[in-house]
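Participant: Residue numbers (our numbering), protein chains in the order written: chain A, 1 to 351; chain B, 1 to 351.
It is worth saying that the hints were derived from the structure and are not from the lab. Cβ atoms here follow ideal geometry from the backbone N, Cα and C, with glycine treated the same way. Errors might be hidden in some of the hints.
To be verified - As a list, the in silico DSBU-like pairs of lysine-lysine whose alpha-carbon atoms are at most 35 Å apart:
{"hint": "1", "chain 1": "B", "residue 1": "K310", "chain 2": "A", "residue 2": "K42"}
{"hint": "2", "chain 1": "B", "residue 1": "K42", "chain 2": "A", "residue 2": "K310"}
{"hint": "3", "chain 1": "B", "residue 1": "K261", "chain 2": "A", "residue 2": "K261"}
Said to hold, decoys possible - Partial pick of chain A residues on the chain B-facing surface, computed with a CB cut under 10 Å:
{"hint": "4", "residue": "D48"}
{"hint": "5", "residue": "L111"}
{"hint": "6", "residue": "Q193"}
As the list claims (entries may be wrong) - A short list of chain A residues far from chain B (calculated; beta carbon distances all over 10 Å):
{"hint": "7", "residue": "V13"}
{"hint": "8", "residue": "S16"}
{"hint": "9", "residue": "K42"}
{"hint": "10", "residue": "R115"}
{"hint": "11", "residue": "A197"}
{"hint": "12", "residue": "D201"}
{"hint": "13", "residue": "I215"}
{"hint": "14", "residue": "F221"}
{"hint": "15", "residue": "R225"}
{"hint": "16", "residue": "A231"}
{"hint": "17", "residue": "L260"}
{"hint": "18", "residue": "D265"}
{"hint": "19", "residue": "L303"}
Number of protein chains: 2
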Amino acid sequence: MATIVEVARLARVSTSTVSHVLNGTRNVEPHTRKKVLDAIEKTGYRQDALARALRRSRTDSIGLVVSDAGEPAFAEMVHGVEEAAAGRGLTLILANSAEDPEREARAVETLLERRVDGLILARCAQSSAVVDAHVAADSPPVVLLDRVFDGAPCDQVGADNRDSMRRLVEHLLTRGHRSLLLVAGDTRVPTLQERLAGFQDATARVGAAREAVAIVEGPEFGVVRAELGRALGAQAHTCVVAASTPLAVIALECLRDAGLKVPDDVAFATFDGFNHSDLFQPSITTVRQPAFDMGVAAVGLLLERFAAPKTSPRTTRLQQRLELRSSTEDFVLRATEGATQDAAELDASGA
Amino acid sequence: MATIVEVARLARVSTSTVSHVLNGTRNVEPHTRKKVLDAIEKTGYRQDALARALRRSRTDSIGLVVSDAGEPAFAEMVHGVEEAAAGRGLTLILANSAEDPEREARAVETLLERRVDGLILARCAQSSAVVDAHVAADSPPVVLLDRVFDGAPCDQVGADNRDSMRRLVEHLLTRGHRSLLLVAGDTRVPTLQERLAGFQDATARVGAAREAVAIVEGPEFGVVRAELGRALGAQAHTCVVAASTPLAVIALECLRDAGLKVPDDVAFATFDGFNHSDLFQPSITTVRQPAFDMGVAAVGLLLERFAAPKTSPRTTRLQQRLELRSSTEDFVLRATEGATQDAAELDASGA
DNA sequence: CTGTTAGCGCGTTCAC
DNA sequence: GTGAACGCGCTAACAG
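With the hints as extra help, turn the sequences into a complete structure.
Facilitator: What follows is the structure in structure tokens.
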């Protein structure tokens with residue numbers, strides 16, 4: 001590979017002139033400029049981003065660490081981040097922690113060694129103190145993605161999980177459901193914690209029938225599955241709500257094993273959801289995360305942070321879309337008087 | 001950030017000793033070693049990957065360009081590449097060409113500027129000559145992923161598309177189908193070209209009923225959709241086969257619009273497919289691409305290429321899994337004599 | 001076993 | 001408008 005020196009020699013100018021032609025950083029006579037460009041063409045010269053970065057102490061790259069590259073929602077965030085980054089001339093270094101705090105810490109370390117200009121982190125459930133330290137140190141700037149929390153010392157992009165879950169459950173209540181089962185999962189994860197809170201917000205309003213509301217939570221998928229199986233046997237719920245796609249998979253499997261059909265026997269709704277839900281049965285009511293846009297927004301925050309390093313941290317919450325489908329809409333409640341009455345009240349109160 | 005010089009000063013040794021402690025590249029006395037480690041601890045020193053790479057002329061990074069980061073199959077490949085790369089101490093720079101030759105060329109250029117040690121390319125349909133040139137130049141080493149072709153001047157990882165399609169169609173023929181419709185898509189894409197060839201391999205054996213076999217191809221999804229709508233109206237096919245997930249989506253929509261139910265009115269099968277197909281109806285017979293493993297294999301080839309730069313290019317074809325589901329298995333052919341007879345023949349011939 | 005030093009390729013002063 | 005020279009932080013070759 002040709003270097004800038006060879007280009008300069010061939011063009012009979014100094015390396016600094018070549019550099020200035022390349023970067024447009026000062027005026028150069030059209031004639032010499034042409035000589036330089038010709039020499040570049042002739043030698044097939046290509047800038048060395050390494051040397052350039054070393055000298056400028058800027059890499060024009062950002063790092064992204066996701067907690068589960070296999071999950072479609074995260075894949076979409078990656079997609080969004082790549083799109084936005086490429087659009088701004090930033091290259092993307094991608095790492096996957098696979099929900100392993102140790103791998104996450106190593107990934108962050110590697111990215112810092114590579115001197116990324118900024119860092120976007122979708123942290124894992126039990127993120128290590130090492131990572132926290134870097135987040136707080138904030139050099140380079142960090143944006144937390146998806147799993148955000150109040151009072152974080154840096155910029156964040158999340159979804160309005162609590163609100164969306166509340167809206168979803170209120171809708172279900174309006175339709176007359178009183179016996180709901182939430183598959184909440186690992187509530188140490190902020191996202192799932194927020195969704196649980198939203199569920200409680202909504203169900204708290206129906207004091208009377210509250211004993212009919214059940215919540216299955218736990219960090220282990222196996223445990224959740226077992227408990228869910230028990231819960232489904234113990235009581236007939238009219239609607240099951242899953243707080244994420246993996247949990248929805250477990251729930252749907254459990255329902256199938258229990259011989260319960262959606263929506264004939266029980267209604268069903270989930271967060272995140274499945275692609276192309278409209279094409280398949282059961283067609284599932286879904287709170288859809290704007291995953292791509294969240295990735296884009298994260299890059300946006302990072303760039304604004306580059307421009308204004310001192311301003312105080314901001315949190316962006318993107319709105320989720322409630323996609324109503326037959327899994328809840330076609331479920332026919334055998335209306336008891338109480339339920340119908342409650343529903344009427346809720347409607348009247350404008351939920 | 002502390003540099004190696006400060007560490008050396010604090011430890012009262014030379015920078016080269018620090019370097020050797022860091023890299024384990026020569027023996028150093030336990031005592032001085034400890035001094036160095038303490039100094040590193042105290043200063044919070046971290047290696048600068050940029051300077052290191054510049055000096056060693058190796059970045060320990062690889063570049064990956066995919067043609068559609070939004071497609072789950074590619075997302076899985078990315079996942080596999082990341083996993084394998086991280087496992088070998090390589091960081092991954094990701095770019096998405098979004099099926100745009102120009103973006104692809106820019107992405108490759110950027111990765112070369114960043115001096116990646118190797119390049120993995122899932123090229124877009126109309127890959128530019130610029131990219132071809134780099135592939136041929138082979139510095140750094142290139143591995144073609146997914147969209148491979150005979151006689152490529154570099155290593156490749158693909159799937160056995162032709163074989164798998166042949167197996168799928170032979171299975172369908174065995175079940176008595178004679179009137180098949182293939183949604184082939186953009187046959188300039190090697191993958192789809194191979195699947196089309198496999199389809200023809202299999203159907204060529206049933207000479208008699210051949211006029212019943214239809215193929216819808218074309219680079220534009222919109223055109224495919226329109227043609228498919230016409231084809232479905234023109235003739236009653238017993239089975240529709242989609243050559244990829246996006247095509248499957250179009251096909252399922254067209255079938256729905258035509259009022260045809262899967263599998264009651266028509267059987268259906270696809271390549272790549274949808275996640276969690278077992279949980280939904282229609283539950284679709286799918287030729288599943290080992291996307292993750294393909295990503296892993298690509299990194300493997302790259303590493304072997306690092307070790308042996310001169311050996312001639314190799315192509316790895318990973319086997320695809322045929323997942324039979326109710327979309328084909330529950331379809332009941334109103335058996336004409338001819339069909340049953342043909343099926344018996346095929347069975348006897350051991351397809 | 002340890003230190004000195006040259007340069008990897010570039011951008012950027014500071015002179016002219 | 002142009003060029004010479006320095007240094008970003010590190011490793012490798014050589015010297016002791």
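Participant: Confirm or reject each hint.
Facilitator: Consistency of the hints with the structure:
1. B/K310 x A/K42: holds (27 Å)
2. B/K42 x A/K310: It holds: about 27 Å lies between the C-alpha atoms, which stays within 35 Å.
3. B/K261 x A/K261: The given pair, whose Cα atoms are some 19 Å apart, holds under the 35 Å limit.
4. D48: Holds. Min distance 7 Å.
5. L111: holds (8 Å)
6. Q193: This interface hint is violated because 25 Å lies over the 10 Å limit.
7. V13: holds (22 Å)
8. S16: holds (19 Å)
9. K42: holds (16 Å)
10. R115: violated (6 Å)
11. A197: Since the minimum Cβ distance to chain B is about 28 Å, A/A197 lies beyond 10 Å and the statement holds.
12. D201: holds (29 Å)
13. I215: A/I215 is indeed farther than 10 Å from all Cβ atoms of chain B, at 23 Å.
14. F221: Non-interface label stands for A/F221: nearest chain B Cβ at 15 Å, farther than 10 Å.
15. R225: With a cut-off of 10 Å, A/R225 remains clear of chain B, as the shortest Cβ separation is near 14 Å.
16. A231: The claim holds: A/A231 sits with its nearest Cβ about 19 Å from chain B, beyond 10 Å.
17. L260: Answer for A/L260: holds, closest chain B Cβ roughly 13 Å.
18. D265: holds (15 Å)
19. L303: holds (18 Å)
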